[in-house]
Amino acid sequence: RDRAAEINKLNNEEQRLLHRLSDFELEKKKVAAENGSLNVSDDDLIEINVGGKIIAAKRGTLCQWKGTRLDALFGGRWDKLLQRDSSGRIFLDLNGDCFQVIVDYMN
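If you read the sequence shown in the numbering used here, its first letter stands for residue 1, the second for the next number, and so on.
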């Protein structure tokens, strides 16, 4: 009897967590619609002005390490909030040569 009660308890917790996950995914889509773009592709070419050095890379290359800052920056959810240069490129105040090494490694 205790086993059945525990299984029922676990099933209820699983359903609660699945519901929370669903709510979270909806909130992510809402944030993306407000601050970025829902229509992004790994094949999108992104031009970045990194400390004056222009670097171009595919979105999929920059976002391949899920959960990283690069994934968060270039995944599309925050595109409208990212600082841009006068040519509309994403601007990062970093060392361009060092950033290029990271992008080259990711390729």
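Source of the hints: derived by calculation from the structure; they are not laboratory data. Values in this document were obtained by computation on a predicted structure and should not be read as measured data. Mixed in with the good hints there might be a few duds.
Claimed, not checked - Below 27 angstroms or equal to it, Euclidean Cα-Cα: the simulated BS3-like pairs (lysine-lysine) are:
id: 1; residue 1: K66; residue 2: K53
id: 2; residue 1: K53; residue 2: K9
id: 3; residue 1: K28; residue 2: K53
id: 4; residue 1: K9; residue 2: K29
id: 5; residue 1: K80; residue 2: K66
id: 6; residue 1: K53; residue 2: K29
id: 7; residue 1: K80; residue 2: K58
id: 8; residue 1: K9; residue 2: K80
Here's how the hints hold up against the structure:
The suggested pairing of K66 with K53 holds, with an alpha-carbon distance near 25 angstroms, which does not exceed 27 angstroms. For the suggested pair K53 and K9, the alpha carbons sit about 56 angstroms apart, so the restraint of at most 27 angstroms is broken. A C-alpha spacing of about 32 angstroms is found between K28 and K53, which places the hinted pair above 27 angstroms, so the restraint is violated. Restraint check: the Cα-Cα separation between K9 and K29 comes to about 31 angstroms, which exceeds 27 angstroms; the hinted pair is violated.
Our distance criterion of 27 angstroms between C-alpha atoms is met by K80 and K66, whose separation comes to about 21 angstroms. At roughly 32 angstroms between alpha-carbon atoms, K53 and K29 are farther apart than 27 angstroms, so this suggested pair is violated. Taken as a hint, the K80 and K58 pair is honoured in the structure, with Cα atoms around 18 angstroms apart against an allowance of 27 angstroms. The suggested pairing of K9 with K80 is violated, with an alpha-carbon distance near 43 angstroms, which exceeds 27 angstroms.
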